[in-house]
Amino acid sequence: NAGVTQTPKFRVLKTGQSMTLLCAQDMNHEYMYWYRQDPGMGLRLIHYSVGEGTTAKGEVPDGYNVSRLKKQNFLLGLESAAPSQTSVYFCASSSPQGPDQPQHFGDGTRLSIL
Amino acid sequence: RKEVEQDPGPFNVPEGATVAFNCTYSNSASQSFFWYRQDCRKEPKLLMSVYSSGNEDGRFTAQLNRASQYISLLIRDSKLSDSATYLCVVLTGGGNKLTFGTGTQLKVEL
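First to last, the sequence lines map onto chains A and B. Heads up, the first sequence is in my numbering, so the first residue is 1 and it goes up one at a time. Heads up, the second sequence is in my numbering, so the first residue is 1001 and it goes up one at a time.
Since the hints were derived computationally from the structure, they do not count as laboratory data. This structure is a prediction, so every number in the text was calculated from the model and none was measured. A hint or two may mislead.
Stated by the list, open to error - Lysine to aspartate or glutamate pairs mimicking EDC-like chemistry, simulated, CA-CA at most 20 Å apart: (1) B/Lys1097 to A/Asp38; (2) A/Lys14 to A/Glu79; (3) B/Lys1045 to A/Glu30; (4) A/Lys57 to A/Glu79; (5) B/Lys1097 to B/Glu1005; (6) A/Lys57 to A/Glu30; (7) B/Lys1107 to B/Asp1007; (8) B/Lys1097 to A/Glu59; (9) B/Lys1045 to B/Glu1056; (10) B/Lys1107 to B/Asp1039; (11) B/Lys1042 to A/Asp38; (12) B/Lys1079 to B/Glu1056; (13) B/Lys1045 to A/Asp107; (14) A/Lys57 to B/Glu1003; (15) A/Lys71 to A/Glu30; (16) B/Lys1097 to B/Glu1003; (17) B/Lys1079 to B/Glu1109; (18) B/Lys1097 to A/Glu79; (19) B/Lys1042 to A/Asp107; (20) B/Lys1045 to A/Asp38; (21) B/Lys1097 to A/Glu30; (22) B/Lys1045 to A/Asp26; (23) B/Lys1097 to A/Glu52; (24) B/Lys1045 to B/Glu1005; (25) B/Lys1002 to A/Glu59; (26) A/Lys9 to B/Asp1039; (27) B/Lys1107 to B/Asp1082; (28) B/Lys1002 to A/Asp38; (29) A/Lys9 to A/Asp107; (30) A/Lys70 to A/Glu52; (31) A/Lys57 to A/Asp38.
To be verified - A few chain B residues that face chain A, going by a derived Cβ cut-off under 7 Å, partial list only: (32) Glu1043; (33) Pro1044; (34) Leu1046; (35) Asn1096; (36) Gly1101.
Said to hold, decoys possible - Some but not every residue of chain B turned toward chain A, in silico, with C-beta under 10 Å: (37) Lys1002; (38) Gln1038; (39) Arg1041; (40) Lys1045.
C-beta: ideal position from N, C-alpha, C; glycine also.
Just need the whole structure built from these sequences, with the hints factored in.
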């Protein structure tokens, strides 16, 4: 029972490089989310998706793009990495059946931009 | 003003103590509230939802005061395993979007 799986778990990039973070969930959830977590800032929503083929901006979307081509996958892309994007990235998913449905999180991806 | 505010702590308490955390939220239209727990370098996990009438789950009691826009979490008979960061979380809009507080760190000591 994998739940939410994020790959990779760690990555170091140089400024200007691009990369894609993959999130996969096996719970048939409609909703998926990408957050970043920085010291003293809490989790902040980057982008989210309410279904296959749909995406929407969250609180801090600049510098990131996302795609939801398949229901189980939600990809987060960094087109040109910047040191300010050094963070821990969490993916989450949830069911739309009522507001009390919890969000299930992946283990996180620790990303460092040099 | 932050949408969700918490005292960052840390709260250092002896094992067996009772400890309470408060959280305030700014959006009076918020309808759903939660406490999540996050262990060091781990992902957040739902601890409990918070209902208007107050609710209890074992040693944990959550309460909501809509008039004052604050949420509380009470932990009784603290265990070493309760050491973690407790995140106050508010449902803010469509798509089940959540707004997280920065968390309150709890350290339970022998």
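Against the structure, the hints:
Between the alpha carbons of lysine 1097 of chain B and aspartate 38 of chain A the distance comes to roughly 19 Å, so the proposed pair stays at or under 20 Å and holds. Distance restraint check for lysine 14 of chain A and glutamate 79 of chain A: the Cα-Cα separation of roughly 12 Å lies within the 20 Å cut-off, and the hinted pair is therefore satisfied. For the hint pairing lysine 1045 of chain B with glutamate 30 of chain A, the CA-to-CA distance comes to about 19 Å; that is within 20 Å, so the pair holds. Proximity of lysine 57 of chain A to glutamate 79 of chain A is assessed by CA-CA distance (about 16 Å); at most 20 Å being required, the pair is judged to hold.
For the given pair, lysine 1097 of chain B sits about 17 Å from glutamate 1005 of chain B by alpha-carbon distance, which is consistent with the 20 Å threshold. Straight-line distance between C-alpha atoms of lysine 57 of chain A and glutamate 30 of chain A comes to about 16 Å, which keeps the hinted pair within the 20 Å bound. Among the hinted pairs, lysine 1107 of chain B with aspartate 1007 of chain B is consistent with the structure: their alpha-carbon atoms are about 14 Å apart, no more than 20 Å. Simply put, lysine 1097 of chain B and glutamate 59 of chain A have alpha-carbon atoms about 10 Å apart, close enough for the 20 Å limit, and the pair holds.
Between lysine 1045 of chain B and glutamate 1056 of chain B, the direct Cα distance comes to roughly 17 Å. Compliance with the 20 Å bound is thereby established for this hinted pair. For a cut-off of 20 Å, the pair hint linking lysine 1107 of chain B to aspartate 1039 of chain B stands: about 11 Å separates their Cα positions. A threshold of 20 Å between alpha carbons decides the hint, and for lysine 1042 of chain B with aspartate 38 of chain A the separation of about 13 Å falls inside it, so the pair holds. Between lysine 1079 of chain B and glutamate 1056 of chain B the CA atoms are separated by roughly 17 Å; this keeps the pair inside 20 Å, and the hint holds.
Between the alpha carbons of lysine 1045 of chain B and aspartate 107 of chain A the distance comes to roughly 11 Å, so the proposed pair stays at or under 20 Å and holds. Restraint check for lysine 57 of chain A and glutamate 1003 of chain B: satisfied, since their Cα atoms lie roughly 18 Å apart, inside the 20 Å limit. Between lysine 71 of chain A and glutamate 30 of chain A the alpha-carbon distance is near 7 Å, which keeps this suggested pair within the 20 Å criterion. Taken as a hint, the lysine 1097 of chain B and glutamate 1003 of chain B pair is honoured in the structure, with Cα atoms around 13 Å apart against an allowance of 20 Å.
About 8 Å separates the Cα atoms of lysine 1079 of chain B and glutamate 1109 of chain B, which keeps this hinted pair within 20 Å; it holds. With a CA separation close to 25 Å, the supplied pair lysine 1097 of chain B and glutamate 79 of chain A exceeds the 20 Å bound. The suggested pairing of lysine 1042 of chain B with aspartate 107 of chain A holds, with an alpha-carbon distance near 6 Å, which does not exceed 20 Å. Between lysine 1045 of chain B and aspartate 38 of chain A the alpha-carbon distance is near 17 Å, which keeps this suggested pair within the 20 Å criterion.
Among the hinted pairs, lysine 1097 of chain B with glutamate 30 of chain A is consistent with the structure: their alpha-carbon atoms are about 13 Å apart, no more than 20 Å. The hinted pair formed by lysine 1045 of chain B and aspartate 26 of chain A meets the criterion: a straight-line CA distance of about 17 Å does not exceed 20 Å. The hinted pair formed by lysine 1097 of chain B and glutamate 52 of chain A meets the criterion: a straight-line CA distance of about 17 Å does not exceed 20 Å. Proposed proximity of lysine 1045 of chain B and glutamate 1005 of chain B is supported: the alpha carbons are some 19 Å apart, at most 20 Å.
Between lysine 1002 of chain B and glutamate 59 of chain A the alpha-carbon distance is near 13 Å, which keeps this suggested pair within the 20 Å criterion. In summary, the hint linking lysine 9 of chain A to aspartate 1039 of chain B is supported, as the alpha carbons are separated by about 17 Å, within the 20 Å threshold. For the proposed pair lysine 1107 of chain B and aspartate 1082 of chain B, the alpha carbon gap of about 8 Å is at most 20 Å, so the pair holds. The straight-line distance between the Cα atoms of lysine 1002 of chain B and aspartate 38 of chain A is roughly 15 Å, inside the 20 Å bound, and the hint therefore holds.
Distance hint between lysine 9 of chain A and aspartate 107 of chain A is fulfilled; the C-alpha atoms sit about 8 Å from each other, no more than 20 Å. A C-alpha spacing of about 6 Å is found between lysine 70 of chain A and glutamate 52 of chain A, which places the hinted pair at or below 20 Å, so the restraint holds. Pair hint lysine 57 of chain A plus aspartate 38 of chain A holds up; C-alpha atoms about 19 Å apart against a cutoff of 20 Å. Taking 7 Å as the C-beta cut-off, the interface hint given for glutamate 1043 of chain B holds, the closest approach to chain A being about 4 Å.
Of the supplied interface hints, the one on proline 1044 of chain B holds, with its beta-carbon coming within about 6 Å of a beta-carbon of chain A, less than 7 Å. Contact between leucine 1046 of chain B and chain A, as hinted, is supported at the beta carbon level, the nearest pair being about 4 Å apart and thus within 7 Å. Here the hint on asparagine 1096 of chain B is kept, as its CB sits about 5 Å from the closest CB of chain A, short of 7 Å. Hint on glycine 1101 of chain B holds. Least Cβ distance to chain A is approximately 6 Å, under the 7 Å limit.
Using the Cβ-Cβ criterion of 10 Å, the hint placing lysine 1002 of chain B at the interface with chain A is satisfied: the shortest such distance is roughly 9 Å. At about 9 Å, the closest approach between the beta carbon of glutamine 1038 of chain B and any beta carbon in chain A falls short of 10 Å, and the interface hint on this residue holds. With a least beta-carbon distance of about 8 Å to chain A, the hint placing arginine 1041 of chain B at the interface is held under the 10 Å criterion. For lysine 1045 of chain B, the shortest C-beta to C-beta distance to chain A is roughly 7 Å, which falls under 10 Å, so the interface hint holds.
In summary, the structure is inconsistent with hint 18 from the numbered list given earlier, while agreeing with all the others.
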